[in-house]
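Oh and the sequence shown: position 47 is 47 in UniProt numbering, straight run, nothing missing.
Treat the hints as calculated values from the structure; they're not laboratory data.
From the three backbone atoms N, C-alpha and C, an ideal C-beta is built for every residue, glycine too.
Hints are supplied without guarantee of correctness; some may be wrong.
Claimed, not checked - Using 25 angstroms as the maximum straight-line C-alpha spacing, the simulated SDA-like pairs for lysine to any residue come out as follows:
#1 147 <-> 124
#2 427 <-> 137
#3 245 <-> 286
Claimed, not checked - Have a look at the derived ranges for each label pair, beta carbon to beta carbon:
#4 224 <-> 448: 43 to 49 angstroms
#5 400 <-> 286: 44 to 50 angstroms
#6 447 <-> 397: 44 to 50 angstroms
#7 337 <-> 457: 22 to 28 angstroms
#8 529 <-> 145: 49 to 55 angstroms
#9 286 <-> 168: 37 to 43 angstroms
#10 99 <-> 528: 53 to 59 angstroms
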Amino acid sequence: MFSFTCYAVLTYRFPRYLRTLPSLKGQSLLSRIQTPTSRENPFRFRSLSLSRPRPMGSLSALERPLQYPIARRDDIIIDDYHGVKIADPYRWLEDPDDEEVKGFVQEQVKLTESVLQTCDAREKLREKITKLFDHPRYYTPFKRGNKYFYFHNTGLQAQDVLYVQDSLEGEPKVLLDPNGLSEDGTVSLNTLSVSEDAKYLAYGLSSSGSDWVTIKVMRVEDNIVEADTLNWVKFTGISWTHDSKGFFYSRYPAPKEGENLDAGTETNANLYHELYYHFVGTDQSEDIQCWRDSENPKYMFGAGVTDDGKYLLLYISENCDPVNKVYYCDMSAFHDGLEGFKGGNALLPFIKLIDDFDAQYQEIANDDTVFTFLTNKDAPRYKVVRVDLKEPSSWIDVVPESEKDVLESAFAVNGDQMIVCYLSDVKYVLQIRDLKTGSLLHQLPTDIGSVTGISARRRDSTVFIGFTSFLTPGIIYQCNLDSKVPDMKIFREISVPGFNRSEFQVSQVFVPSKDGTRIPMFIVAKKNIALDGSHPCLLYAYGGFNISITPSFSVSRIVLTRHLGSVFCIANIRGGGEYGEEWHKAGSLARKQNCFDDFISAAEYLVSAGYTQPKKLCIEGGSNGGLLVGACINQRPDLFGCALAHVGVMDMLRFHKFTIGHAWTSDFGCSDKEEEFGWLFKYSPLHNVRRPWEQHPEQPSQYPSTMLLTADHDDRVVPLHSLKLLATMQYILCTSLKNSPQTNPIIGRIDCKAGHGAGRPTQKLIDEAADRYSFMAKMLDASWTE
């Protein structure tokens, strides 16, 4: 089972249809790059630290008003969007190679460091987060051949280590330790796949957080790394043929002479994705080009070999919508195998099964020509269907769409069974069903929380299930399906020394949005807190790309709750996948404003219910969630005391021009189209910064204390988004006026040798958490208690 759109999404979170693949590792899948070149990185500077500012209107949080650097405004740059003239005075910040951009970044680094030095809780947070983070972590094991593979981190290792063992009781040995690949831990494992016989491991390495990947090959038996090196790989899976001679992968054409070779800092669009097959032991130049489409440069391709090794399925996506085409190739028909395609120009002879972008299809299993798929075809909450390749127009429903719950995933196990995972009011439900009839066989007992991984093959009677929740660091269950009633026992449980779940409480509420839609929200707090509005509060959301934000354990947020008395909340706003495709569409394109209304309504509820008050409320979001934060502080600056916007899409008129941004038009729309320009211009964070004291002079207010976070090797949402918004906010709110009412700081945290979020080494994660949350603590005037 493989699908491709997920690689181009904005989020850090592991996407729906790869989240449970046993050959891939959790959240590390969503990024990374190739080794950096010797050319100077234009963003190479000291990573800045953050400090904490103060609540709205309180000047006492900082010793003196900030002296913001003056950024040049180029008034000549004016774009015409369908007759509307729009200035872009900071267009020059789009060029990472420009010396003036480097200077701007350095000045912002100095400014932010000066603020962070005033944040008293910073070192306490770093110490407590480090202490709590230092615990052994294990991830769901998977089986290939007769060997078991799993990831483990002793606690503070920069990257998780891949282990192999001959049996579950056997002695584990280190197979791949990314920590030895770089001194600072910034080389990470992006994706991997073990051959069917467990002879080879193919793995993709990313440097400094970029989406670019270099694929290498290792012999499992003796850890010998082969000479194979595959470059210019991005947004890919790895799928071996069953003869272990090689694997399929996806890549882009190598850059032409004169183009930016410092992979990870370039901004040019990713176009002309291609599918290749690599023979182990050969040079990349000899790889077989299996599929391309020169007439559709935005298409992206992924491929997966079926469990019987006979078919290759090609998944074609154009953007981030949960829709794809499906072609298939019968590899058993090749008399000379794939070797017969060496040296030729012919593509593989794929047959079109699905040739429309009207729904999503993910293969679950096949019995020769009979295929079972998970799909949202005429089923926004997904269903399981079956088709015979001999009768491609005849589809039957195996598991119909649920009336309310979303069918998240389905995997064939134990012969003719499948394990299915539902999302019910943002809580996971696991079932065993009959693969042929779809009938329910067993309900598996699970607590309220999230399934983080399901590892099993059709031939296996044992399934491993990863689980977490707000107050459960992690459990791996081992489920034996051979018995009449599945035997589900704890295989491994993660323990965090010093963490006592009985100190905390979790509740779920349903908040009416502006139009009356009920928005689910989780609230995590200390037990028996008084609802007197006195508590600092952190509100997080995402709201886009069909991504569901479900309960998970966070060391840093536990520290905030325990030592700063914070309340932590997740609002499951529209645009996500929590209630299926209808929920997703209700927060995209012309209806994107619903996301902001939902988030604002969640914030207003927390105030009215007595959890907090505006000057004590911090909002946080990353990527599409960074856009959410940027839009909401523009629309309701009076409602928040602090804002943390990570790697956000801030220029909604030009996002589609950079790297993989063109894939996001399915959720946002595109300014090239007149109607869609109207939607985007109304909420684009960059184009809607206003002085609230001029808009509402009867109620003078200012923007909340704001930190925009980005990174030099973010080639998903390129840094120019945050840099342009930072310059714009500082100019309009601060430097263009004498004695500006804007006393809350507007700063940027710009990390180096980091990307969009995944693969970041442990120390960077800790440092960033200490910086941003100490900034929050100071801005909200939150006091530290032991």
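Here's how the hints hold up against the structure:
no., hint, verdict
1, 147 <-> 124, "violated, 43 angstroms"
2, 427 <-> 137, "holds, 23 angstroms"
3, 245 <-> 286, "holds, 14 angstroms"
4, 224 <-> 448: 43 to 49 angstroms, "holds, 46 angstroms"
5, 400 <-> 286: 44 to 50 angstroms, "holds, 48 angstroms"
6, 447 <-> 397: 44 to 50 angstroms, "violated, 31 angstroms"
7, 337 <-> 457: 22 to 28 angstroms, "holds, 23 angstroms"
8, 529 <-> 145: 49 to 55 angstroms, "holds, 52 angstroms"
9, 286 <-> 168: 37 to 43 angstroms, "holds, 39 angstroms"
10, 99 <-> 528: 53 to 59 angstroms, "holds, 57 angstroms"
Against the hints set out earlier in the document, violations occur for numbers 1, 6.
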